[in-house]
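Undergrad: What follows is the residue order along each chain.
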Amino acid sequence: MKADAAALPERLRPRAVFQGVMTPGSLDDQVLGHTAGTPSPLWYAGLAISLSAFAVGASLILYTFYTGIGVWGNNRPVFWAFDIINFVFWVGIGHAGTLISAILLLLRAPWRNAIARFAEAMTIFAVMCAGIFPLIHVGRPWVAFWLFPYPNQRAIWPNFRSPLLWDVFAVSTYFSVSLLFWYLGLMPDIASLRERATGKVRKALYTVFSVGWRGASSHWRHYEKAYLLLAGLATGLVLSVHSVVSFDFAVSIVPGWHMTIFPPYFVAGAIFAGFAMVVIVLVVVRETMRLENLITDYHLDAMNKVILGMSCLMGYAYIMEGFTAWYSQNAYLHHIFVQYVWGSYGWAGWLTIACNVAIPQLLWVPRFRRSYPAMLLVALGVTVGMWFERFVIIVVSLHHDYLPSSWHLYKPTPVDLGILVGSFGLFFTLVLLFARVLPVIATSEVKATLPGAQPSHRGGGHE
Amino acid sequence: MSATGASARVPALMTAAGAVGLGATWFAAGAARFWANWLLWFLFLLTIGLGALFLVALEHLADVRWSVPIRRTAERVSGLVVLTAPVALIALLALPVLFPWTWPEAAARPAVAGKAAWLNVPFFTIRVLVCLALWLLSYRILVGGSLRQDRTRDPRFNIRARRFAPAFMAIFALTLTLAAFDWMSSMEPEWYSDIFGVYVFAGSFLAGLAAVSLAVLYLRDRGRLSRVRFDNLYGLGGWLFAFAVFWAYIAFAQYLLQWYGNLPEEVFWYKERIEGDWLGLALVIGVLHFLIPFLVMIPRDAKGKPGSLGRAAVLFLVAHFLDLYWLILPAAGTGPLPSWPEASFALFFGGIALLWLRRAMTIGEDMPVGDPFLAESLEYRL
Amino acid sequence: MSERAFAVLGLFDSAQALVDAAVRLAPRRLGRLEAYTPYPVHGIDDVLGARRSPLAGMTLVAGALGAVTAMVFEWWTSAVDYPVVTGGKAPFSWQAFVPIMFEVTVLFATFTAGLGMLHLLARLPFFGHPILSSKAMASITRDRFALAVEAEAGGLDVEAAKAALAGAGAREIEVLTVPAERGPFPLRFLSRSALGIAAACVAAGYATYWGVKLIPVLPPMVHMLEQPRLDAQEANAFFPDGHGMRPPVPGTVDREHVPYPFRTQEEAAALVNPLPRTAEVLRLGRKAYENHCAVCHGALVNGVPTLTPAYGAKPANLQSRAIREVADGQIYHVIVRGKNAMPSYAADLTEEERWAIVHYVRVLERAQNAKDEDLR
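Residue numbers (the numbering used here), protein chains in the order written: chain U, 194 to 656; chain C, 3 to 384; chain W, 4 to 379.
Check the hints yourself; a few may be wrong.
Reference excerpt, derived from the structure (chain U facing chain W, CB under 7 Å, subset only) [what the hints assert, rightly or not]:
(1) Ala363
(2) Glu388
(3) Pro648
Subject to a maximum C-alpha distance of 30 Å in a straight line, what follows is the list of computed DSSO-like cross-link-like pairs (lysine-lysine) [claimed, not checked]:
(4) W/Lys165 / W/Lys216
(5) U/Lys418 / C/Lys307
(6) U/Lys393 / W/Lys138
(7) W/Lys342 / W/Lys290
(8) W/Lys216 / W/Lys138
(9) W/Lys290 / W/Lys92
(10) U/Lys418 / U/Lys396
(11) W/Lys165 / W/Lys138
(12) C/Lys273 / W/Lys92
(13) W/Lys374 / W/Lys290
(14) W/Lys317 / W/Lys342
(15) U/Lys396 / W/Lys138
Rather than coming from a laboratory, the hints here were simulated on the basis of the structure.
We put the CB at the ideal spot given by N, CA and C, even for glycine.
Based on the sequences and whatever the hints tell you, model everything.
TA: Printed below as a string of structure tokens:
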């Protein structure tokens, strides 16, 4: 009863999710095969670069521990700077993974399956990168456990009315839930790897991590239910996490921070930045791992459409913020918004607008949604733009305090920059390791959606 | 047609009785109360119509399958936008009564005087006219084209609608925000909250979905949409559930931030609405708009079974009305307890809306029979 | 071979064939039917007669529990156990408690859904299932579908099951046996494990002890103590007199200084409390007492506070007969000059507050030692 595809105009024809002939077996060989054999020199080169970047960041973090956060550029009144920018940036990157794996699952988007696992892994790694920054920003990270409410000799409790504590709960919940979601999704694939693995150590590891998964239909039943429930819960969680991050700013009365649109605006921005990062990494993975038949132009097109939509939402949020800055007739708010675009850091404001709103408009052209140069330009632009958006929000709002006597410009030190580079190093190191030892595509999910994978009639007929 | 005639009599009588009440309100209860109710019903019908139109555009934008069989119903409900056009024009007469920035005293309030470039009668009128024009244009493209497709069976309409849908989304976001800021927020011109447009959008889509659900179930009961099954209804229920949560999220975010910031130019708005008798209504809205529907709609069956979906839809419509009541009436200085003026407005506009929808239900086919995806969509499985 | 048959496994090439075979075998009741598939096959549950998954209900309950737990915990810590007003927000501010309530709800619900599914419903991890060591497992996780007739309490008719599966179109048939019972853990293993655990505990204990002792005195942890600043009374070569602290400029006059000439408690006994014994004065006395004195002398001035056991010294019991009988001035004198381990509070309390405290102490003493005529 499908619509007669040939009779439809080109634009309306349903597009194939995969290219070529694909069977469950060929899928396994293609995707799981990557975990065996020696990696390419390119992979080693990538790992060397990422590990060096990570080493730079890690040593600078140790230097910061030893010396104190005075080695950063933070000053009075810019108490928050690179550390919080990077935190918000990385948490945001993580949101795309949850969106793809959870929200698109509920919306039944057909292009989700092939990219979900990778995006979920990126969520985990991004949240790990994000977690570093508040930890090192507390100055004495060895007592960071004071953030958690546990009965103690000091007979005190953390302040539950503080958004910074909400953050502790939101980010730790987000990390553990994402990890669980990712791991449960991986389990059947690890079971497949267990059966394929030849090396003794590998086999033992895959055996342990597959927890004895045997594909029983009595298990699949609960498994599918659990996956759906986790998706529903993760959808609420992903809204809440970046909203809570936005509360760190918005509950204060710092002009430029106290905006009611912050929660949805931050969530949209997070998804936006995350999708851009997914596109960047996916293009590389698709080319180097030869996954063009699984991750097709259709997938890239769909992702770029999401980026375009999010870019328009960002535009809406910027318009609302700018309008409100004037409409409020609040002198402080007005001043800060003028600083965003005409102040000492005006270039950052314009860069943000250009990268987040102007350049992504290229994607209205269908051809650009399928061309690597165009989509990489947009994705890199969005990554830069979203980082600078947080720079504008945090540094520019802070550097002009209510008291003109305490106004101060901010300039990052090499240590700040090095730690940022190190976080990218950590992220890509983890991504590269993931691509080596675990399947980058959720094979059991894709298998279930291949043509003919499901019985067309539920038994009977033959009797 | 005799059955139609008989049941058309009830809304017609409602309208007639309401019209008498409207006159009585004008003379006995004062202009402020009259216009406050007028505004309330204008925005109630407008948000339902726009919410339904949004659902229609969403289908074209995202190439959605489950909603094709119910799209015609959504298109018919979105016709309320056309009905609200004259209501909006008449509502312009409320400006000198309800909107403090039109009063001469406004010059003495610096925060209001500073907004004179935005809040003045000519510019306000222009904005209203532009919004109306854009809405009617969108309606014509999306709904008019769909009705024509019943005859022509031309799939090119789907391409046109798909091209127009992104533009509609931009139009929709900006015009609904304008409507929210102009017609509601500016009744208290010192107050500002840049999430307010999103808040009104959440309520609007929810109300549109609820009205469409009710209309679908009504037609289905009469055997006119008998091929719409659980799987299609589940789409409506799922979106209702999702937007009940989304609405609560936005409403709570706005409240939390203004409560926490505790700035005098913001919190006065909430103070008016959660102190004294209004607190009761605020709590009722929280319970009806979020808590009850959220708990009731958690099970999968509740999102697609006609009975539970219908009950939830009625609840959402009532809750959305109360929400608008709570947004608008405190600014007009009217008490929270409704009385005969409110009842007669409900009769009048409720009757007109029902008559309008009855007529809409007779135009075109009950399903978009010209849509090339209809057959596939009727086979849609969750 | 004493091995019993656990199941007979038939392999099929497609999900459709699997479902068809299950439909044929289900009414024959040869044993418990179970399917093993590389991905969830829809419709097989109906054929195998599985009940609905109870997971949604479990998750809902856990979520509700999470919400209540978080809200009650936040209320108790913030409003009951440690009520401090910060940021102008009342100790119980439900608005501010909602974000964490939401997070904990999601945390409880997701872990119930995920781990509850894995452990309670699927009984995993479990590495001993016979099918894991079957030949068929490699293809089951890849692209083939197995239907197993598993033994029930009455055993399994292997030949009948084989015939039925072959009749239903199975491509390959495999008989799985129950692995030989290995008996309980050998004693040697148990004693070794016990020794190992004990050794690990001792090692962990030592490591923790030295870790806790050492870590705080290592850099950078110790940097908080090594600050380039001058403590009071410290010597310093910067000034010619070698003192770090500077004396007041000669001729400095202390403002609002009331000379207090008495040296001993006995001398001060002659002082008379200048304040009237009004409710207002007592309120002031109570506030000052609770802020400065109650921490040692206790809320009832009986020397039984919460902090002292950790502190070491024994504060005076002002309810004792000896102190009840001293003059007001003597108590005043101790506040000003201090006594034994108690330092002077002259710098912390105004003269008015000191006398108000004396009144308040007197009231508490009287309240704890009420006489018959007080009740009349």
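Undergrad: Decide, hint by hint, whether the structure agrees.
TA: Hint by hint, here is what the structure shows:
With 7 Å as the threshold, the beta carbon of U/Ala363 comes within range of chain W, its nearest partner Cβ sitting at about 5 Å, so the hint holds. Checking U/Glu388 against chain W: minimum C-beta separation of about 4 Å stays under 7 Å; hint holds. Hint status for U/Pro648 relative to chain W: holds, with the closest Cβ pair at about 4 Å, below 7 Å. For the suggested pair W/Lys165 and W/Lys216, the alpha carbons sit about 68 Å apart, so the restraint of at most 30 Å is broken.
Proposed proximity of U/Lys418 and C/Lys307 is supported: the alpha carbons are some 20 Å apart, at most 30 Å. Proximity of U/Lys393 to W/Lys138 is assessed by CA-CA distance (about 18 Å); at most 30 Å being required, the pair is judged to hold. At roughly 22 Å between alpha-carbon atoms, W/Lys342 and W/Lys290 fall within 30 Å of each other, so this suggested pair holds. For a cut-off of 30 Å, the pair hint linking W/Lys216 to W/Lys138 is broken: about 56 Å separates their Cα positions.
For the given pair, W/Lys290 sits about 22 Å from W/Lys92 by alpha-carbon distance, which is consistent with the 30 Å threshold. The suggested pairing of U/Lys418 with U/Lys396 holds, with an alpha-carbon distance near 29 Å, which does not exceed 30 Å. Proximity of W/Lys165 to W/Lys138 is assessed by CA-CA distance (about 16 Å); at most 30 Å being required, the pair is judged to hold. For a cut-off of 30 Å, the pair hint linking C/Lys273 to W/Lys92 stands: about 16 Å separates their Cα positions.
The straight-line distance between the Cα atoms of W/Lys374 and W/Lys290 is roughly 26 Å, inside the 30 Å bound, and the hint therefore holds. For the suggested pair W/Lys317 and W/Lys342, the alpha carbons sit about 12 Å apart, so the restraint of at most 30 Å is met. Between U/Lys396 and W/Lys138 the CA atoms are separated by roughly 16 Å; this keeps the pair inside 30 Å, and the hint holds.
In summary, the structure is inconsistent with hints 4 and 8 from the numbered list given earlier, while agreeing with the others.
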